[in-house]
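Enquirer: Residues per chain are reported as follows:
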Amino acid sequence: MENKEVISNVSKEGLAPGTLLYTGTPNSDKVKITAITYNGEESSVVELRTLSQIANYPLEGQVTWINVDGVHQPEIVEAIGNHFGLHQLVMEDILNTRQRPKAEDYGEYIYFVIRMLDFEKGGKEDELTREQVSIILGKNFVISFQEKTGDVFDKIRARIRERKGREVKMGADYLAYLLLDSVVDHYFRILEVMGQKIDEMEAEMIRNPGNDTLQEIFSIKRELIFLRESVSPLRETVSTFTRLQNSLISQDIAVYLRDFTDHVMRVIETVETYRDTTSSMVDLYLSTTSIKMNEVIKVLTVISTIFIPLTFITGFYGMNLDFMPEVHSQWTYPGVIVAMAVMVVLQLIWFRKKRWI
Amino acid sequence: MENKEVISNVSKEGLAPGTLLYTGTPNSDKVKITAITYNGEESSVVELRTLSQIANYPLEGQVTWINVDGVHQPEIVEAIGNHFGLHQLVMEDILNTRQRPKAEDYGEYIYFVIRMLDFEKGGKEDELTREQVSIILGKNFVISFQEKTGDVFDKIRARIRERKGREVKMGADYLAYLLLDSVVDHYFRILEVMGQKIDEMEAEMIRNPGNDTLQEIFSIKRELIFLRESVSPLRETVSTFTRLQNSLISQDIAVYLRDFTDHVMRVIETVETYRDTTSSMVDLYLSTTSIKMNEVIKVLTVISTIFIPLTFITGFYGMNLDFMPEVHSQWTYPGVIVAMAVMVVLQLIWFRKKRWI
Amino acid sequence: MENKEVISNVSKEGLAPGTLLYTGTPNSDKVKITAITYNGEESSVVELRTLSQIANYPLEGQVTWINVDGVHQPEIVEAIGNHFGLHQLVMEDILNTRQRPKAEDYGEYIYFVIRMLDFEKGGKEDELTREQVSIILGKNFVISFQEKTGDVFDKIRARIRERKGREVKMGADYLAYLLLDSVVDHYFRILEVMGQKIDEMEAEMIRNPGNDTLQEIFSIKRELIFLRESVSPLRETVSTFTRLQNSLISQDIAVYLRDFTDHVMRVIETVETYRDTTSSMVDLYLSTTSIKMNEVIKVLTVISTIFIPLTFITGFYGMNLDFMPEVHSQWTYPGVIVAMAVMVVLQLIWFRKKRWI
Amino acid sequence: MENKEVISNVSKEGLAPGTLLYTGTPNSDKVKITAITYNGEESSVVELRTLSQIANYPLEGQVTWINVDGVHQPEIVEAIGNHFGLHQLVMEDILNTRQRPKAEDYGEYIYFVIRMLDFEKGGKEDELTREQVSIILGKNFVISFQEKTGDVFDKIRARIRERKGREVKMGADYLAYLLLDSVVDHYFRILEVMGQKIDEMEAEMIRNPGNDTLQEIFSIKRELIFLRESVSPLRETVSTFTRLQNSLISQDIAVYLRDFTDHVMRVIETVETYRDTTSSMVDLYLSTTSIKMNEVIKVLTVISTIFIPLTFITGFYGMNLDFMPEVHSQWTYPGVIVAMAVMVVLQLIWFRKKRWI
Amino acid sequence: MENKEVISNVSKEGLAPGTLLYTGTPNSDKVKITAITYNGEESSVVELRTLSQIANYPLEGQVTWINVDGVHQPEIVEAIGNHFGLHQLVMEDILNTRQRPKAEDYGEYIYFVIRMLDFEKGGKEDELTREQVSIILGKNFVISFQEKTGDVFDKIRARIRERKGREVKMGADYLAYLLLDSVVDHYFRILEVMGQKIDEMEAEMIRNPGNDTLQEIFSIKRELIFLRESVSPLRETVSTFTRLQNSLISQDIAVYLRDFTDHVMRVIETVETYRDTTSSMVDLYLSTTSIKMNEVIKVLTVISTIFIPLTFITGFYGMNLDFMPEVHSQWTYPGVIVAMAVMVVLQLIWFRKKRWI
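Chains A, B, C, D and E, in that order, are what the protein sequence lines are.
Numbering follows our numbering, with no gaps: position 183 of the first sequence is 726.
Numbering follows our numbering, with no gaps: position 353 of the second sequence is 896.
Numbering follows our numbering, with no gaps: position 3 of the third sequence is 546.
Numbering follows our numbering, with no gaps: position 140 of the fourth sequence is 683.
Numbering follows our numbering, with no gaps: position 41 of the fifth sequence is 584.
Wrong hints could be hidden among the right ones.
Said to hold, decoys possible - Pairs of lysine-lysine residues, derived as DSS-like cross-links and limited to a Cα-Cα distance of at most 30 angstroms, are as follows:
#1 Lys645(B) / Lys712(A)
#2 Lys835(E) / Lys897(A)
#3 Lys835(E) / Lys896(D)
#4 Lys682(E) / Lys575(E)
#5 Lys645(C) / Lys573(C)
#6 Lys691(A) / Lys575(A)
#7 Lys896(E) / Lys835(A)
#8 Lys896(D) / Lys712(E)
#9 Lys897(C) / Lys896(E)
#10 Lys897(D) / Lys897(E)
#11 Lys740(E) / Lys896(E)
#12 Lys897(C) / Lys896(B)
#13 Lys740(A) / Lys712(E)
#14 Lys691(B) / Lys740(B)
#15 Lys740(C) / Lys573(C)
#16 Lys897(A) / Lys897(B)
#17 Lys740(A) / Lys896(E)
#18 Lys896(C) / Lys896(B)
#19 Lys740(B) / Lys896(A)
#20 Lys740(E) / Lys835(B)
#21 Lys682(D) / Lys712(D)
#22 Lys896(C) / Lys897(D)
#23 Lys575(E) / Lys835(B)
#24 Lys682(D) / Lys698(D)
#25 Lys575(E) / Lys691(E)
#26 Lys712(B) / Lys682(B)
#27 Lys835(A) / Lys896(D)
#28 Lys835(B) / Lys897(C)
Since the hints were made in silico from the structure, they are not lab data.
Generate coordinates for the entire structure from the input sequences, incorporating the hints supplied.
Expert: In structure tokens form, the structure reads like this:
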């Protein structure tokens with residue numbers, strides 16, 4: 544969640560738009576390309592060994608899903624892009640992994656960018672990381688690009704392979720919807736984890752609040768800023784998607800898109816609610832701190848105000864002056880004690896009246 | 544109001560959209576199905592013992608209202624849904640009880656989701672709970688699903704049974720409006736309770752503010768965040784409802800919808816006003832605290848500033864040095880007393896000038 | 544301005560929409576009905592003794608204005624409503640005196656709700672109260688309902704009786720505009736009073752700020768929240784009014800409506816400006832408090848820091864130990880004095896460098 | 544900038560809209576009417592001595608500009624208004640000098656209201672004052688009304704008289720634009736002065752911040768609230784102006800209107816930027832204050848925490864008890880000194896660890 | 544980033560719109576004019592020595608790009624403007640270097656204003672400066688005006704000269720897009736630098752926060768205000784640009800414009816995220832400060848509360864009164880010690896219960 548990451552095509556500045564260059568985190572994993580084809584009757588999952596195999600796809604009469612894990616090799620993206628007739632800018636955006644979530648209609652295909660968020664395992668603490676997922680929806684094919692292997696698409700893949708579920712009977716548009724929806728569904732997992740953290744923070748704040756609690760709340764706040772930045776452009780994406788009633792998107796999936804819209808809205812609203820809640824928690828925390836400080840200061844003041852004058856009196860009769868006539872009187876001692884007692888009582892009454900004690 | 548609850552289809556992640564699975568709080572109550580039919584001349588209320596009885600409905604020439612208390616048995620929702628030709632996604636949304644309030648037009652019927660809010664009786668303190676109410680408005684029938692038995696619909700049921708009121712003469716669209724309106728009307732009860740709490744808090748804050756007062760205000764603030772989250776999507780719902788001028792909704796109820804819109808707007812505005820009011824209360828509380836602290840510190844400062852120098856003087860003449868010539872003078876004692884008195888007077892003048900006392 | 548009041552149809556919950564029931568503050572005044580008729584040539588003002596007299600109105604060829612003071616007798620509202628063919632919901636809204644300001648087109652007539660605000664005379668302090676004014680504009684009649692006698696309509700009535708002014712020559716639509724405008728004009732009086740209070744607070748805050756000042760600013764803030772809640776829906780009302788270019792509203796009064804819109808906008812903007820101003824005042828007040836506290840603490844610190852070490856030294860030589868060799872030296876006394884003086888000077892230099900004194 | 548001024552037609556409350564009454568500050572200056580006529584070939588500037596001279600205008604084939612300095616004589620406004628066929632409401636608005644900036648299309652003419660702002664010379668400090676400028680754009684004439692003599696129109700007048708510049712070749716619409724633009728241009732002067740003040744405040748806040756600095760920042764904040772209130776309705780005005788593509792406004796000046804829009808937007812944005820900047824300054828100021836207080840309190844605490852225990856020890860051996868055996872030991876004195884030194888060192892280490900010193 | 548700079552045509556106030564006058568920072572550099580022409584086959588870069596050479600351009604059948612470095616000589620802008628038929632207002636806006644970013648369609652050409660931001664090298668610290676870039680897109684030419692030599696256009700120039708890249712094959716519209724995009728791309732560099740600063744601030748705030756940290760955060764906040772002011776009008780510019788589907792902009796570059804829009808949106812969102820982040824940091828900083836102050840005050844209070852009463856007791860028995868009977872008892876000394884120990888222990892228990900230690 545370093546701010547540097549947020550920046551995008553910095554290193555491309557000055558280059559003509561259209562130069563293919565990977566701008567994400569360096570990555571040495573092998574790029575893995577999987578071709579999944581299916582229709583109502585059959586399905587197959589093939590891992591492509593060589594880039595040239597891509598020429599066999601898309602299969603006629605089937606839905607073809609090309610999934611690419613790793614975009615750090617521009618030549619692979621270029622080869623696939625050229626084969627499927629993608630625009631230069633689309634290929635750039637796939638490689639330049641800091642795009643805003645968006646849906647762009649290129650006529651022959653629609654290009655989606657969405658961010659997959661996850662808590663990174665390991666490390667001192669779970670940190671929110673993001674990965675750009677590019678999805679291209681064509682006439683009878685879907686191409687998806689991810690930055691890393693291992694993803695939320697596994698279950699979809701499994702169901703297609705086993706030819707279970709509604710998806711095998713429907714077109715490429717349904718598959719694209721499914722992929723987008725599974726990314727958004729994963730946001731709910733993120734939000735659940737955050738919600739638990741917030742609940743824990745809240746409990747801790749009542750039991751035993753400390754500086755750490757505060758820092759953790761602020762760290763959640765920053766994660767929410769990060770999350771909101773990733774999620775809020777989805778509103779636009781969704782409305783673009785819904786408006787795109789062209790030949791690529793059939794009437795049948797309109798209800799699914801509406802459902803998807805709903806999920807996106809729910810994510811956005813939950814993020815907003817969490818932001819309100821954490822802000823409210825910080826306010827409560829600071830208010831409580833301020834009230835406690837007030838109480839502490841009152842104790843200090845009461846003690847000081849009672850004893851400082853008394854101590855002055857004792858100091859007064861502690862002076863070693865030769866000529867202090869009352870020192871020799873036997874009534875001075877009880878007199879001093881009575882005077883002190885009266886002072887204390889008066890002060891206590893005054894404090895009580897002021898509601899300090 | 545745990546944040547975990549806010550999350551919705553987490554456990555469904557990866558499943559194909561379309562899998563029927565109940566995701567709400569576990570519930571072992573028996574699901575209760577009531578069929579109410581009426582027209583201008585007759586009315587009947589039947590509790591269905593077996594699921595197969597559903598096949599008798601809807602009755603021709605009457606308005607049929609199927610009310611289902613409990614959605615934790617997917618098979619029941621599925622049976623009813625299939626009988627009335629509901630879309631798979633509608634059945635899912637009925638079961639998945641954390642939907643956003645919405646109105647969706649499926650052509651043959653309209654699907655409404657709304658949240659019923661209530662203060663949970665018992666427990667250490669009244670806590671706001673929510674329950675999802677799904678309402679399906681078809682040509683001559685209304686189906687309503689609730690999570691729990693016992694609801695705000697009782698009075699509507701009673702009036703239909705006794706064939707009193709306008710509703711028996713009007714169509715299913717009016718009944719749907721009536722159900723939605725009774726849920727929104729119940730929000731006013733919630734707001735009334737909150738308004739009273741706020742008034743009490745305010746009175747307490749003037750009489751005897753404490754840390755508890757603050758915590759209670761913040762708890763109301765959180766409830767308002769919760770309430771707003773439930774209520775604000777209704778604005779959209781209402782506008783969808785109003786736009787849906789299809790064959791299911793007759794011109795006659797347009798004025799009722801406008802009235803409903805008005806109620807929703809009033810709820811939303813009241814929530815906003817309460818939020819402003821509580822924020823203002825917290826600000827006032829903290830300001831008052833800060834001002835009191837200032838006063839306390841002033842007292843401390845005045846007392847310390849007066850006595851610390853005096854005590855120094857007494858300490859000075861309390862030193863047991865052999866060679867302190869003025870100690871032996873008989874003018875030292877009155878001199879010290881006069882010096883002290885002058886110091887005190889000067890300080891008091893200075894404090895008065897600074898408006899500290 | 545109790546929050547309870549804000550709530551509206553609570554006690555009606557569960558009743559069918561359409562049940563006539565007065566929900567405002569109990570009121571035992573007699574309802575007063577006045578019928579005013581006029582055209583360019585003649586005008587008459589009649590107080591109706593019996594409800595049946597209403598049957599004589601509206602007069603053909605004249606503008607008829609029925610003004611009803613008091614809506615706590617549902618039967619009167621019902622009788623008038625039925626005579627003029629008002630919808631059931633309109634009658635309900637007239638009785639249910641916590642409606643949002645609105646303009647609703649019922650084809651044959653337009654129904655307006657607006658809130659009349661006033662400072663209640665008497666009591667410990669002027670408190671803002673509100674009264675619902677319902678105005679029905681029909682073909683050649685206007686009906687107005689108020690909660691209490693005594694209103695801002697007196698001058699309009701007077702002018703009609705004396706057949707002065709433009710109004711007698713114009714239609715019912717102009718009269719409706721006139722009534723609405725006189726309510727909005729009265730808001731300016733409210734704002735003027737508030738503006739004066741704010742100016743006074745500001746002057747007091749410079750002269751002699753205290754806890755009371757703060758509480759009064761917050762009370763103005765709450766009144767502004769209240770005012771805004773009453774005024775902001777007017778924006779909508781006005782735009783509805785302007786859009787309603789049906790047979791009831793002639794082209795001639797379009798310019799007056801525009802003027803009315805302008806007044807409403809001015810009220811809203813002034814409320815916003817006042818909110819900004821009071822917020823700014825609270826901020827300034829707290830900032831000043833904080834700065835003063837800083838100053839007080841500095842004084843405390845300077846005094847303590849100077850004298851505490853000195854007092855320690857005097858205490859040191861005040862110890863009654865038998866074996867303290869330097870006590871017997873004649874240089875100790877001047878030495879101690881010089882040491883103390885040096886310490887004080889060094890501390891003063893240090894404080895000066897730190898800009899504390 | 545008294546709030547009372549903000550209020551507008553208070554004293555008119557209850558009067559029929561349409562009563563001509565001056566509601567601004569009393570003014571005894573003579574109203575000065577100037578008639579300026581020009582076309583491409585000739586130009587003349589005439590000061591009208593009697594109101595009847597107005598009958599000569601507008602001149603055929605020339606652009607006529609009637610400028611009226613002073614609107615405190617309703618009869619003058621009425622005479623001019625009647626001669627040029629102005630609507631009653633326009634005359635009212637000219638007289639009632641607290642209108643919102645607006646542009647209203649009356650078919651035959653367009654009525655503009657704009658506020659001229661200026662720092663009032665003299666007085667203890669420059670205070671922002673406002674003056675309402677009403678501009679009426681008719682077929683071949685422009686009428687402008689100001690509250691006071693002396694204005695930003697002087698240079699325009701001069702250029703017309705000398706027949707320099709583009710304006711003499713263009714129509715009345717260009718002249719109206721020119722007048723409006725010169726008022727808006729003057730806002731930049733206001734903003735420049737404020738910008739300088741803000742820069743000064745900022746410098747002062749770094750050098751030597753004090754309570755005065757804060758008060759001055761808040762006074763600038765209030766001026767910005769005032770400015771924004773005057774400027775923000777201009778956005779609307781401008782969009783109305785641009786939309787009014789009727790016979791009064793020629794295509795040729797569309798680019799000038801766009802330019803004008805731009806100036807208005809720039810003023811609004813600059814006001815917003817200044818608001819952000821001053822808010823940021825206040826925050827920084829308070830933060831700095833809070834940090835300094837922290838530092839002061841640390842010093843107090845360190846000094847007190849070190850010396851209070853030491854003073855206790857000296858006090859302990861200053862007791863005059865007969866039976867205190869260690870007092871007679873010769874090791875007590877060095878023992879006490881060592882103990883004190885150790886305590887001080889330990890405390891210093893502890894403070895260092897806590898980063899307090 | 545002086546506020547004075549923000550102001551624009553102040554010195555032009557009163558002048559007729561249309562007077563050519565340079566209003567930027569005085570500049571004595573020589574104005575440098577470069578003419579670049581190219582098509583698919585050839586390209587040339589010529590630096591114009593005399594202004595009259597401009598008459599040779601634009602070349603037929605080629606794209607002509609006139610780049611002018613320096614706008615402080617109005618006569619040059621006027622000559623070029625007149626040659627290419629630019630409107631008077633365009634020339635003014637080029638000279639008046641404080642325009643809002645905008646896109647204006649003049650039919651024959653489109654006029655763009657955009658702000659180039661950069662950190663000024665040298666000086667005590669990098670300060671954000673801005674430079675106005677005016678771009679005119681005509682049928683087959685582009686004219687660009689900058690305030691200073693040295694710019695982000697160098698790489699584009701280089702690529703055209705070497706006839707690499709897509710641009711040489713495309714029209715003037717693509718070149719205009721390229722120039723705008725390179726300016727926006729440079730914003731990412733600015734944001735990257737800021738992002739790094741924010742990350743550093745954050746690390747420093749955890750390690751060793753100080754007053755300087757705070758001042759630096761506020762300085763970043765001000766830069767963000769500055770940046771936002773420059774960037775946010777681009778949203779509008781972009782939407783104007785996209786809407787301008789006239790003969791000057793070919794269908795082919797629609798996708799590039801969409802890409803450009805995306806970059807602008809990303810810049811705006813990043814600025815917003817940074818603003819949120821810095822605000823959050825300030826909040827955290829102040830909260831931490833407040834918590835630390837609380838801790839400091841607790842230490843002071845605990846120490847004072849423990850020792851002040853003890854010191855009083857020692858003072859009490861330090862009084863030199865003749866008649867203090869218990870002084871002579873041998874149990875007083877151990878009694879006093881025990882009493883003190885008990886007091887300390889009780890206080891410690893009390894502090895522990897209050898969680899102060």
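Enquirer: So, against the hints stated earlier in the document, which numbers end up violated here?
Expert: Violated hints (numbers, rising): 8, 9, 11, 13, 15, 20 and 23; every other hint is consistent with the structure.
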